[in-house]
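Visitor: Listed below are the residues making up each chain.
Number of protein chains: 4
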Amino acid sequence: MVHNKGLAKSGAARHKWAADHMRTLAVAAGSFGTARPLGGVRIGFCLQVTAETSALIMAAKKLGAQVVACAGNPHTTQDDIAAYLASSGAAVYAWRGQTRSEFHRCIRRVMDDSPDILVDDGGELSILAHTRYADLPVLGATEETTTGVRRIRALGRRTALRYPIIAVNDARTKAMFDNVHGTGQSAIDALLRTCGVLFASKSVIVAGYGPVGRGVASRCAELGARVSVTEVDPVRALEAHMAGYDVQRMDAAARTGQIFITCTGQRSVITARHISAMRDGAILANVGHFDVEIDVAALGRMAHSKRRIRRGLDEFTMRTGRRILLVSGGYVANLVSASGNPPEIMALSFANQIRCIVHLARHGRTAEPGIFGVSSAIDGQVARDALAASGVRIDG
Amino acid sequence: MVHNKGLAKSGAARHKWAADHMRTLAVAAGSFGTARPLGGVRIGFCLQVTAETSALIMAAKKLGAQVVACAGNPHTTQDDIAAYLASSGAAVYAWRGQTRSEFHRCIRRVMDDSPDILVDDGGELSILAHTRYADLPVLGATEETTTGVRRIRALGRRTALRYPIIAVNDARTKAMFDNVHGTGQSAIDALLRTCGVLFASKSVIVAGYGPVGRGVASRCAELGARVSVTEVDPVRALEAHMAGYDVQRMDAAARTGQIFITCTGQRSVITARHISAMRDGAILANVGHFDVEIDVAALGRMAHSKRRIRRGLDEFTMRTGRRILLVSGGYVANLVSASGNPPEIMALSFANQIRCIVHLARHGRTAEPGIFGVSSAIDGQVARDALAASGVRIDG
Amino acid sequence: MVHNKGLAKSGAARHKWAADHMRTLAVAAGSFGTARPLGGVRIGFCLQVTAETSALIMAAKKLGAQVVACAGNPHTTQDDIAAYLASSGAAVYAWRGQTRSEFHRCIRRVMDDSPDILVDDGGELSILAHTRYADLPVLGATEETTTGVRRIRALGRRTALRYPIIAVNDARTKAMFDNVHGTGQSAIDALLRTCGVLFASKSVIVAGYGPVGRGVASRCAELGARVSVTEVDPVRALEAHMAGYDVQRMDAAARTGQIFITCTGQRSVITARHISAMRDGAILANVGHFDVEIDVAALGRMAHSKRRIRRGLDEFTMRTGRRILLVSGGYVANLVSASGNPPEIMALSFANQIRCIVHLARHGRTAEPGIFGVSSAIDGQVARDALAASGVRIDG
Amino acid sequence: MVHNKGLAKSGAARHKWAADHMRTLAVAAGSFGTARPLGGVRIGFCLQVTAETSALIMAAKKLGAQVVACAGNPHTTQDDIAAYLASSGAAVYAWRGQTRSEFHRCIRRVMDDSPDILVDDGGELSILAHTRYADLPVLGATEETTTGVRRIRALGRRTALRYPIIAVNDARTKAMFDNVHGTGQSAIDALLRTCGVLFASKSVIVAGYGPVGRGVASRCAELGARVSVTEVDPVRALEAHMAGYDVQRMDAAARTGQIFITCTGQRSVITARHISAMRDGAILANVGHFDVEIDVAALGRMAHSKRRIRRGLDEFTMRTGRRILLVSGGYVANLVSASGNPPEIMALSFANQIRCIVHLARHGRTAEPGIFGVSSAIDGQVARDALAASGVRIDG
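Protein chains in written order, with my numbering: chain Y, 18 to 413; chain D, 18 to 413; chain G, 18 to 413; chain P, 18 to 413.
Keep in mind that the hints were calculated from the coordinates and are not lab data.
C-beta atoms are modelled at their ideal positions from N, C-alpha and C, and glycine is treated no differently.
Be a bit skeptical, because a hint or two may be false.
[Unchecked claim] DSS-like cross-link-like pairs, simulated, lysine-lysine; straight-line CA separation at most 30 Å: (1) Y/K323 - D/K26; (2) D/K79 - Y/K323; (3) Y/K33 - D/K323; (4) G/K323 - P/K79.
[Said to hold, decoys possible] A short list of chain G residues far from chain D (calculated; beta carbon distances all over 10 Å): (5) K33; (6) A36; (7) G56; (8) K79; (9) S104; (10) T148; (11) H306; (12) F333; (13) T334.
Construct all of the structure, not just a fragment, from the sequences and the given hints.
Guide: Structure below.
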């Protein structure tokens, strides 16, 4: 069930472009040679239906899997990709703009097809597999996201998990590169597209110095910005200080910053009090977590008027004439206003996925149930895949 | 004569956004206080009619000038900006998509209004002032571009120049920042928008290590790319080598590069021979000079097929299946596929303009004719304007 | 028992200089106000007797402790510092150039004084406390080094540990800063002092991309070197690749490198096979682990002649005339040929020490025996101490 | 006439080490093949007699020149190098610690030998050639230093210059690399050796943003320092601002800086007023110009007491207890407390020398008298020599 089967050709072209730039995934999948380690295995995918995920799904198919897929998010399905997957023999239940009930019905359709392995983005399939579909035999599952891992851990506290679930999200080859390189680059991209301002000489405040903040801070500094960091964890604050950044309280930073980028994963990082202190023309962007890092509601209440400057950029004018600019409505800017993670980075994550799926197909039956990290053997093998994809050879 | 006077309101909003981000210009214009140094002076502008140039034109108006403007390029006029300028009392002869003869007729309309000072982008007005309008009294002129400076120098070899012409293009406060910071940033922007690839770990070949190449090379390296430089000037090659880049011949670089960025200002930097040697998936972009740095015609001839991947990105497939990707059709990618120079950088150029215009209004009558650089006094004053716009105070 | 009590005055001056540059330690010690949390506690120190450790010992004294100290290494005692400590009321058994039996006798003298808390650098005191002095009541101990932690873990496998031992070595505020910033800077220092060569444009091979390798690689790159990395761990290799370094096998790197810096903590990183392939004039330095990373014996056997160029630099000439330069005899160059960690970095470690010592004095009696990391509360508090010492305030 | 001929062997070894690291000079000299373009030419050298200059002198000898040399500075002669040169057949009049009259007598001894070409470091020989030795036939001269160029220009205003003098000092291949890379690196070296402090997180104030300041600022930033720049030239100040540095007045910087490095070439950059405002423990170093950038006399008057911390580092204590640390007594720290320019950088300068000397031997007789820069042909050729010495090949 897709929006329009006629879009398959356009989807095929976009699938190919993405797959071409995800060589690490191709190397990982190719490592199994002509063996079909997923022959006779049915895999249920509940992921965002995009060009990049189609590369994962088609890789699984090539290894012999039967595939059934639904959307992990009702609003992000790329209809041409869905059509392409359907035309390639996958069972697909996904179209952009599903209603809440359509969304959930499609997820159940995947479970109705009795998948052996579940590939989750948000824990939807595994939650069903412990409730409504508790008698469905499952070899194992993988989970792509932090949110999904959190939901599955919560599930595991309420009930005994029935099968092994691998938290792909926590693989070193995913987390280290995703955050520093993927988000680091795409945050810059989002700011260039929406604001088009010069970074050189600007005072940029980076809130949070975890991996995302480190990536964002270094890229801004390298473009010539003067970067200050705010952090609540003193060890991370000391890291930022030793790396040569000014470390400040947000109350102090609010008075001097020209561009603010929140990267904390926390809520209420920039509040009404901070906004009150800001300079005319200050730009606020969030690349951290949902839309809770900047208090957008407060900004709306404080403003006398609001106007759209361009796609992804709104200007709020205070009664005093002071203006504050908000990027992407406070939503994660690198996803909303740029292309998100580059395909080379997604490939690292999906190479973990394909190797974990094969591992579950082979060993899921005898493995202990529970939630586990990616084994260091698989993690290391994915790093080798990535190096091989770049033609790099190492010792040992 | 503009396309549609009804667009004035939208033009006003975009004018304001640009002007707000060109504080250096505002500081320069504001330095004359309530004096109207351009009172009674008529200025003819022949510039690209964009939000940024409207900031310059309105600044001149505020200083007392009467303004008459035409387009410096028949295809780039922003019609809403033209409407806004007309609604603000300027005489405007500009609309997007002029025919060649309309374009020239509009330029003559400006000259017919007998401007005292000419502000040129390409030398059009000054050339007329030495031919058809040779008896028009002119106090002086400014010229914004390299091309215009070259044309005026050629004119000066054929005939005696009648008035002082200031080559704003060569001001230190323009050239140094334009190239390194403006093009450096916008080149990255263009590649992110059109290709969306990860820079980290990529082999990037930067052709040319002048100011543009320096800016591009350092920004790529900072995003994690492995940068090699090609250069024909041995001193610049040595500079690149000492800065830590691999310096290579293009023949060697062609075999290993994944992204090629030409920044030389020369023609035939990447030729059929180089393209033949390139890896599958190599990306070619030009941020240097017109569309002559990459031999696009040869690429077309070598290709078996060509398809558009997305706006600004074409894929050429050779008979062997090898693919080469071309950004912006080989045209200057940061102008065509990104927003060009950020407004903060344009403001440096236009602060030079406004100060030179005032200088000509005051001293043009007694100054020697000829073509001159911006005086170091004005150049230094513009740097002070920029520092003041950023709230920076210096000694001395 | 010190070499010469007359050296106390010189020792006092050097103590003061070090203490002045270890403000983080001063803040940590000062946080206890006028309370004397170590009042009535006897502490046995077995550390290298240097200006920096004297700052720790005197800080403990100021908090009320009685102090007895011996040398953790028979060859590194600074006799003036020993004299200064003795003159300040500490019992000191340390002089440079102790014989093996003198060294061990001095350690036993410390234990004979019945210390309540042991501060170890290599595990000497704790090993005695579980053998010859097994009936001595001990509140707890701290251990400064990796080697000591390893020895104590081995001890713990042979026998039940009698008291809590805190592995200060593993504190985030020690390890993160020690390696990246301390060794990163001092490695450069050692190479500048011994070789005096230009880094700009040089091909530098960094073996190992752990924290030390990361610090060394980035500092060399920033001085203009072209840096390649060798690594046996594929995830770390991928990190280096994504950071923009060339990643190679040592066999390949050996042929092109001009300066080799080993940072692996492993043995036999550079062997006869690699040395055979190297260019004339290649420089070899080790900042990793003892003198086992470079096969110095093989180098000696391969060479036709050897001469000392200057302190810390030897030239080995092969029969073919090819020359290889060895820094610091292959010993850890940043300790042997530079000043080792700057005092600001040592202060982080010693702030952990003083806070752990006070913690043991307060809670050692009731704490479980075993070997533990520094608690995240103390670790975070030391980061706060360091930020306070720099005048940095953070949120939260 | 040298101090001790017995030192020749030690001098030979040190000569060889320097020459080995000056490959650019070797390539330049080697480019003349077996031709002896200096055959029958007598060259008078008045340079600092060091291992590096011996490489230049011996290169000239190898090309056929007869050599006579004296010291350009009475205090810096390396006696073993002088002995080595004498033992190799040069006429040498140099020893360390000459009296003023010995120094001048030796210079006259060189002129008495009737050199055809003069190689000057300070203009001593050329001044004599226009006064006491005004009838000596001279083909031409070269001048290594800024001071010498200034003196010769002054001479040229008093009298007609008799022969062509090439200002090697101004070659692009000298000035660009000398300042940014040579002084950039050696300034760091001097601070590490004398102070041994951690750069990471320190507030460093760089006074002056010419080529030296740019090199110093970037190297400090890369070691993790937070760098502020002071500058009196607004264009350079804007450059520093756009590069991401905080730009401040010295009065403001004085209150926050922890390390001050003067790079201005001006006097009285740091005065009593600034010193009064500084923090306890501030470190002052000059890498610019003689000892006039920091007002050392004022510092001495302000201090209650002064003590030597170690070679190259003095501590001045004010009545209030506040301490200020002075590196190298305010003299150019990278010369006094480090090894000055690395040999690879000196080689660039001396490759210009040898090529200019050969040029004068060939064309001096017919060339116009006056003072000239190095021709862009020779400058470019030296860049090619340097690239060849590194094995780098370029297009064109």
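Visitor: Look at each hint and say if it fits the structure.
Guide: Comparing the hints with the structure gives:
{"no.": "1", "hint": "Y/K323 - D/K26", "result": "16 Å, holds"}
{"no.": "2", "hint": "D/K79 - Y/K323", "result": "28 Å, holds"}
{"no.": "3", "hint": "Y/K33 - D/K323", "result": "15 Å, holds"}
{"no.": "4", "hint": "G/K323 - P/K79", "result": "28 Å, holds"}
{"no.": "5", "hint": "K33", "result": "35 Å, holds"}
{"no.": "6", "hint": "A36", "result": "36 Å, holds"}
{"no.": "7", "hint": "G56", "result": "53 Å, holds"}
{"no.": "8", "hint": "K79", "result": "44 Å, holds"}
{"no.": "9", "hint": "S104", "result": "48 Å, holds"}
{"no.": "10", "hint": "T148", "result": "53 Å, holds"}
{"no.": "11", "hint": "H306", "result": "28 Å, holds"}
{"no.": "12", "hint": "F333", "result": "28 Å, holds"}
{"no.": "13", "hint": "T334", "result": "28 Å, holds"}
When each numbered hint is compared with the structure, no violation occurs for any of them.
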